[in-house]
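Here the protein sequences come in this chain order: X and R.
Just so you know, we're using our numbering here: the first sequence kicks off at 1 and counts up by one.
Just so you know, we're using our numbering here: the second sequence kicks off at 1 and counts up by one.
Treat the hints loosely; a few may be bogus.
Claimed, not checked - Covered by chain R, according to a simulated footprint, are these stretches of chain X (three or more residues, beta-carbon under 8 Å):
no.	region
1	7 to 17
2	21 to 27
3	32 to 44
4	47 to 53
5	57 to 70
Since the hints were made in silico from the structure, they are not lab data.
From the three backbone atoms N, C-alpha and C, an ideal C-beta is built for every residue, glycine too.
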Amino acid sequence: MSIAWYLALSAIVFSLGAVGVMVRRNPLVVLLCLELMLNGGNLALIAFSRMWGNGDGQILALVVMTVAACEVCIGLGMIVALYRRRLPIDVDELRELQG
Amino acid sequence: MSSVFFFIAAIGVIAGALGVVLMRDPFFAVLSLVVHLVSLAALFLLLRAQFVAAVQVVVYAGAVMVLYVFVVAYVGGEGEAIGERLRGSTPAAGGGPVASGLRGLGAVLGAALLVELLIALLGTGLEAIGHEGAPFTTAHGEAQTFGTPAYIGNLLLTRFLLAFEIASFLLLIAAVGGVVLARRRRGLGDEEDEDVLTPLQLVRPRDTGTMAEAVGTQRGRR
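Take these sequences, add in the hints, and give me the full structure.
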């Protein structure tokens, strides 16, 4: 399989994730769609790494996975905090960022 | 043979991604993201990134998704119900006419983004995109060590040591931030538990050893 197929697949996954971020209202699902976008980026990175026979892209993919884990940690913490304060779990209803 | 595996894994990847975007229940969205991640790990194996594929399955599809499942079980269903009730609109589309129009606009924007990305990625004119990538064997005829855990570990602890350390600090900061965000908040004037009488309070004044004693004010005198 040529690298172009992998790049096309990563573009498809990335734009599906972007559509999910724009369309869905539940912040949990928005976080999941952010994961999709990061995974599309990861696939492109690893495909390029394979293309040049060089490990740098794989290291970058590992760093992206670390960043994704951090994002999950903070995002889920915020969702739990929202739930504790009895705020609606809905990005359309949350118009204020006041603590 | 590798193209058969590629198409099987690619179908899994796209089906998982579609499931995340389209599933109504957040719990099923998480489960289809697991399908997506495992198929993506198969693609990583095809690209000879063995270590990254293993990390993807163990850390991502294992640990991170368990975290998601716990939070969905803690929050999920009720959150959807709150949104529906406050909105008070058709349950099927999840929104009024304005919301569904915006939803269609989102899909159109996503399609535009896809076309743009495909033009950017495939229209680069890079020669190597059309090829299979680097050869499996080195110039001397021995197998490549590319992508093995030893290779990745060697890179992480030599060339990319700074990135490695910064990533570990980032994880630490995120862990502390998650604990701070999700902790049970106590207001300053919230003294529910103060009324519990312990034996120590009988033998010494109420504010001994607190800041209130240090600044000379004694609260709650009876």
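#### Entry: Hints violated by the structure (listed by number, smallest first)
When the structure is compared with the hints, none of them turns out to be violated.
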